[in-house]
Structure formats: C-alpha cells, structure tokens
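Sequence lines, in order, name chains A and B.
Quick note, the first sequence lines up with residues 28 to 331 if you use the working numbering.
Quick note, the second sequence lines up with residues 66 to 357 if you use the working numbering.
Quick caveat, the hints were computed from the structure, so don't treat them as lab data.
Check the hints yourself; a few may be wrong.
Unchecked claim - Covered, in the sense of this in silico footprint (three residues per stretch, anywhere, with C-beta under 8 Å from a C-beta of chain A), are these stretches of chain B:
| hint | stretch |
| --- | --- |
| 1 | 76–82 |
| 2 | 92–104 |
| 3 | 109–116 |
| 4 | 126–136 |
| 5 | 174–187 |
| 6 | 229–243 |
As the structure is a computational prediction, the values presented were derived from the model and not from experiment.
The C-beta atom is built at its ideal place from N, Cα and C for all residues, glycine as well.
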Amino acid sequence: MKKLPYKLRTGFHRDKELLLMLLPVVVYFIVFHYIPMYGATIAFKNYTPAKGFTGSPWVGFVHFVRFFNSVFFSRVVINTFAISALSLLFGFPAPIILALLLNEVKLRWFKNSVQTITYLPHFISLVVIIGLLREFTLTDGVVNDMLSFFGVQRRPLLQFPEYFRTLFVVSEVWQTIGWNSIIYLAALSGVDPELYEAAKIDGANRWKQTIHITLPSIQSTIMILLILRMGRLFTVGFEKIILMYSPSTYSVADVISTLVYRTGLLEMNFSYSTAVGLFNSLINFLMLLLANKLSKRFSETSLW
Amino acid sequence: MKESIEYKVFQFFNYVFLALLTFVTLYPMWHVLIGSISDGQALMTNRGLLFFPIGQANLDAYRSVSTNPNILIGYQNTLFILIVGVPLQVILTSLGAYVLSRKTFGLRNPFMFFVSFTMFFAGGMIPLYLVVRDLGLINNLMSVVFPFAVSAYNLIIMRTSFLAIPVSLEESARMDGASHFTIYSRIVMPLSKAVIAVMVLYYGVGIWNGWFWASVFIRSREVFPLQLILREILILNDLSTMTQGSANDDAAFLSEGIRYATIIVSTLPILTVYPFLQKYFAKGVMIGAIKG
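The shape of chain A in the complex, shown without the other chains:
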C-alpha cells in the first residue's frame, strides 16, 4: 500500500475528537517518559537542582570516564551479566519444561490444580517473598534445618556471597515458573490434534511426537520470548536485589542498577548515576537489536 502524507488541515479536523481523547495519554507519556529521556542528558552535564535539566553546564563524557575507571565498573558489569545469565539459563527453559510436562497430564483436575497453584507466587509481593527467603535461610530457619540433616553447618545463608546467586535464581524460578508457562500452554493447546493422529499412524511414540510436532509448534513463541529476554541480558530485577543484598554480599550482588540506586538516590550524585544508568539502557537497547537481528537470520522470527 502506498503511504499517504497526513494532510494536516483536513486530517486534524477529521480526527479532532480522537486527538482529544488521546491527549491525556500523550501528556502522560511526554511528562513521565519523554521528559525523563531528555533528562538523561544530565549524564553529560553537571546537574544542579537550581539549573535543572536544560540549564546545567555540559561536561561531556566526564561521568562515563569516571565510571569506566572506577573500581565498581568491572564488579557491577560482571555481576549484572552473571546473575542475568544464570536466571536466563535456569529460568528460561523451566516454564517450557513445565508446560510440556503439563501437556502430558490427562487428569483435568490435576492439571488445573497444578496450574492454579503454580501461578500463585506471581501475585505475591517481592517484599513478602524476600522476607520469607530471609526467614527460611536464617540459622534456625527451615532450609538450615534440612541442610543440617545432611551434615551441613548451619549459617545465615543470605549473608554469604557464595549462596547469593543460587538463592536469587532459585527464588526467581520458584516465583515465575508457573506464570511464564501460561503462554506456552496456550500455544500447545493450539496444536492441531490431527497432527498427532497422523504421527501415531506412522508409528511415532509420544517422545517422537514431542520432538517432531509439539516443539516445532511452539518454536516461534519460544524465539520471540528469547529475543525479548536477550534484550534484557544486562537487566536484573534490581528491586529484588535491593531487598536481598547487604554489604556482606555486595561483591557478588551489586549490579549496575543497584549502583545507580545507591549513588543516585542515596548519595544524590545525580549526573554520575544517570551516566551509569544510561550506559545500562544503551547496552540493553543494543542487545535487543542484536538478538532481533540474529533471530531474523536464523529462524525468521522477529519483533518487527
């Protein structure tokens, strides 16, 4: 279809009412998304509240250079990548496997109960979940009770760097496995039953059917979600980390966004922390483009 230029006069007149209805939404996005985007330019300035976003003097890449040279740089980049990659490695396949297993369940009530129960943690607040995690991993908590049964010495696990990432990933999988499986289950329910019938006649057993029919039919769903997930490879649920970490675990738990949080909101180094945050946003944006491109080339699935 040929693209028509939007005729300003007649177009505005015809769409007057629609534009009016859209106005509050546009105002919202400008005020709370596009002005902050513009505000991110303070990463290249020395922000002072009196002068604001526009008036503060330009300083170029000073804050970025300071960040790249700081002792925190390698720590937060490595931690961000490590925690994110670990949760991708375990958190991404888990719901797919759950969906495939649920797909084999014939008892409807059993399948429904497992679904209902595993969706539930998605709705529980992070504060409560991390509160429970702390409670259970205390020296006299349930987890230590069980570990000590196997002869492991009791200790407050959340205070030790060596357990932090494990606890992060395990609680992540615990909370998201059910909810994230919904989309795969929906995709699985859309598979044409005749395909299975045909495969049975050809003598394919259940395993072969899974490999040759079930998996290919949810492949594009998997790819789309994988692209989106890869685009967040340098993003970690910082709200969760802030609730979980403490100075004793900073060495493995401090990520880019928690550094932004501490330097910006607690120490009020606005320009410096904005630079750190912008560095993170740019990496994420590039990762998303890269993942999309790779996917387009290898599986012909893409976001746009």
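Could you slot chain B onto chain A? The hints should help.
Coordinates of chain B only, in the frame set by chain A:
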C-alpha cells in the same frame, strides 16, 4: 492405541514431579499460615517442616497486628492509591487503546511508535525521580500513581482486544451520528469486560505489591503504603515498628508469629480475589502475546 511401558513409567514420574512442584510452591505459604497461629515460644525452638500448629493454637499475633497503628495506616494508604489509581489507569489506558485501534485514525502509526518506544528505552531512574520531585509529588501518595498511570504493554494488550471487536458495530453507530466518545463508552467498553478485568488485575496487583518507588518518593511514615511497613518488619527487621509503646514482654516470643501474621494479613486480599480472576489470566497473557 496402547501406551508403551516406557510412557507409563514416564507418566508416573511426571505426576510425582508435578505433585512435588505443587508442594514446594505451597509449603512456604502453609508454613506462614501455621506459624502465625502457633505458640510463639514453641515456634522459636521448633525445627524442621511445619505442618500443624505447634503449642496452643492462638490468634495473639493477629491481635497485635490488628491493633498496630503502622499497619492500619499502611493499609489505608494502599487502599487509597488502589481506589484512586486503578480507575485512572484503566480509563487512560483504554482511551489510548481506543484511539490507537481506530483504523481511520490518520496518525495511528506515529502514535503507536511514540507509545511502544517507551518499552524499549527509558530515561532511567534518576531523571524520573527528578521529574517527580520537580512536580512537587514527593511525600504525596500520587507519586506512586501518576508516573505509572499508563503501561505501554497494557495499552497494547487492550488495543489488540479492541481490534477484535467487529467494525460493523462501530460503523452502524457512526451512521446514526454517534461520536467517538459515545462509541468508546457505549459500545467498546461494555464489550470489553474481560480485558478490563485483566487490566484491573494487573494494575491492582502492581499497586498493591509496589514498594520500590514508594520507598524513593515517600519519606513520611503517615503516607507509607503497606509494602513499606512490611519491608520494615520483614526485611529491615525493625520490630520497634511493632512493639513501639506497647510495653509487651511477650514481644520477643511473638515476633516470628507477628511477622507471619503480617504476611497473611497483607497477602490475604490478593489470595481472596485470585480464584475469581484466575479464568482471565491466560486470556490477558494470550492477547498480549498475539501482538508479536
């Protein structure tokens, strides 16, 4: 067709595994429920999994929670932002979704880009904080509502759902001279109860469970939403929040039980509405997925 032995063995282990997963998911919540009605002192010395109340089952922990001023204030504040916030969010989101789902709207694509772009790139934590501060919203409960009034993702879910409504309905209304606002409020919205339910659920849960931005924007205790009070009790372990002025000698024994009771009290509303809304979940996730 007969199933092979291998498949039967697989089936068996599949059921066992899924049952275990269910247990692992439910146990923490059960532990909290049972812990909250157990005897405080016995609870402290208890080891291992908790299946039944230990000691004399009682509601002492709930009594302290229900008389605690901080929790009551937190509850009130959260209810307030829920009642003001969710309708605002749903109305704004649906207005945007309506306009962007009109095929006759000439600027549809540029505005879609304008909205979607915010999903992939954001100014970041600090610029948003500075904007909210400059608007004078610090210490105001609306600071956790206005900046999150429309989620681009939710808008796209709603738009997809609006696009599925037959155009003929709109056209015949247009023929009768109905304005867009009439079509929106009299035709599109009444036909979209399911997706509205999904939105109420998503936004509602977001407001109920949100704590991070509240901790950034809100400093005075009188305006703390529930999750901030919870964070003090559960994460910062500030039991002075609980025992303040109550001169209660049993405070130490109650503490673990109190933490559990607080969790139950704060999670109960979600757990209560959960079964009724469950049928809409899959729907919401699916509509969101189709957009591709």
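Each hint, compared with the structure:
no., hint, result
1, 76–82, "holds (count 4)"
2, 92–104, "holds (count 4)"
3, 109–116, "holds (count 5)"
4, 126–136, "violated (count 0)"
5, 174–187, "holds (count 7)"
6, 229–243, "violated (count 0)"
Hint compliance for this structure: hints 4, 6 are not met, and every other hint is.
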